[in-house]
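Asker: So you can see what is in the structure, the chains are spelled out below.
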Amino acid sequence: MMATMEGPRKGFIFSFDAVFAILIAFFLILLIYNNILKEPALPPVQLQRQGMDVLAVLENLNRFYSPGTTFAETSDSYCMRLEVYNGTSSVLDATFVKAGCPSADSDERMVWRATTFGNRFKTAKLAIWVKR
Amino acid sequence: MTNEKSRRGIILSLVVVLMFTLLIKYATDVQAAKISTNSAVSRLFAAEKLGYYLDDIGTDMRTVVSVNIPANSTTMVFVENLTINKSSFFSNYSRFISNYSNNTNANISFNTTNPFQLVMSNGIVYQTNYSNRQIKIFNSTGGSNTSVTEYRVDIRSNTTRVFVFYPTFVASGTRMVVNYTDPFPFRSFVASGYVNPAVGNVLDIGYTGGRDVYVVVGLIDGKNNSFMLNQSGIDAFPYVTITVNRSSKDTVSAFYNASLNISMPGTNFSGMPPAN
Chain U
1 MMATMEGPRK GFIFSFDAVF AILIAFFLIL LIYNNILKEP ALPPVQLQRQ
51 GMDVLAVLEN LNRFYSPGTT FAETSDSYCM RLEVYNGTSS VLDATFVKAG
101 CPSADSDERM VWRATTFGNR FKTAKLAIWV KR
Chain W
1 MTNEKSRRGI ILSLVVVLMF TLLIKYATDV QAAKISTNSA VSRLFAAEKL
51 GYYLDDIGTD MRTVVSVNIP ANSTTMVFVE NLTINKSSFF SNYSRFISNY
101 SNNTNANISF NTTNPFQLVM SNGIVYQTNY SNRQIKIFNS TGGSNTSVTE
151 YRVDIRSNTT RVFVFYPTFV ASGTRMVVNY TDPFPFRSFV ASGYVNPAVG
201 NVLDIGYTGG RDVYVVVGLI DGKNNSFMLN QSGIDAFPYV TITVNRSSKD
251 TVSAFYNASL NISMPGTNFS GMPPAN
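Taken in sequence, the protein lines are chains U and W.
1 is the number of the first residue of the first sequence in the numbering used here; add one for each residue after it.
1 is the number of the first residue of the second sequence in the numbering used here; add one for each residue after it.
You can take every hint at face value.
Below, computed lysine-lysine pairings styled on DSBU-like, alpha-carbon distance capped at 35 Å:
| # | chain 1 | residue 1 | chain 2 | residue 2 |
| --- | --- | --- | --- | --- |
| 1 | W | Lys136 | W | Lys249 |
| 2 | W | Lys34 | U | Lys131 |
| 3 | W | Lys25 | W | Lys5 |
| 4 | U | Lys10 | W | Lys25 |
Hints listed in this document are in silico derivations from the structure and should not be mistaken for laboratory results.
Let's have the full structure, built from the sequences with the hints guiding it.
Answerer: Here it is in structure tokens:
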């Protein structure tokens, strides 16, 4: 009688132990994957930093209306779109998209730069995102 | 036997609890480190953005007047764009920057006064007055510009001159060089020689209708060894390049005497935008 009761209880404890071990293993794998193995996402500030550099280069080389060469010199993993406005108005003067990139992305970050052409003022807006 | 099993069970439970505690501690530490790193990066990025806005505005100012001071050099080269109407430029630019700051996550205000100045860390000031079209270079401390050994001005005129009067050159003093290019090549000239820095030495380039361009080196407004370029009744050249040579090699910083205020989350700036 004792032996028949002992059998199912042991089985239950072993099953419970196994489930518990699997849970711990799963939790460990998840933790390791999240913190060590998973490639970290590029922080938004890094994107903005790249965008600021690109705009500074474009202004110093006077390439706001021909940014293709500068775009081509950036990393292949970045996509960008440059919009040049008259003054700070919403009147769009010109738009350029980096070759091989879509024209927009839901995760794009914006960077701005003011510039002058003699007595005329322009605002450059660069949208930058990681290529998918 | 039963006691032995219970003890094993308790030890096993303790080991599991200990493992879980360590895992939870590790996870919370990693999370805290991530938050701390992100916060530090954000603070540093605010400083970077401030530098970016200073560079942005400084680059725009350089289209009006710029100075090139190579590190550890005796030379300073000023280039001014005289085609820009500075009065309307600065007034519009101030409004433009105010509107521009609405696009960014920063409050930026920018104001200038006439005369507009480039202020050097060694006391030398480049001043352009857009009411009377006078350019002056002098020592801001009020004393003589003793460190300046040579003023050289390069003028490419778009109007043919009628005459030129040279100053009295002497054996030693401050070297004055005027490299004048006329539309009529025969009337181009290079005047160079030493002048007494304690008196006003005037080189007068005359045009028809009583219009003149004056280049003065020496005593100006009570300051010895200063420089002045004055266009009287004429806009004879769109750009001017003035090279100043000094006796000492040092690293000089330059600033525009504009009032610039930048305020954004994490950092603020109030002062003059850098010119080099």
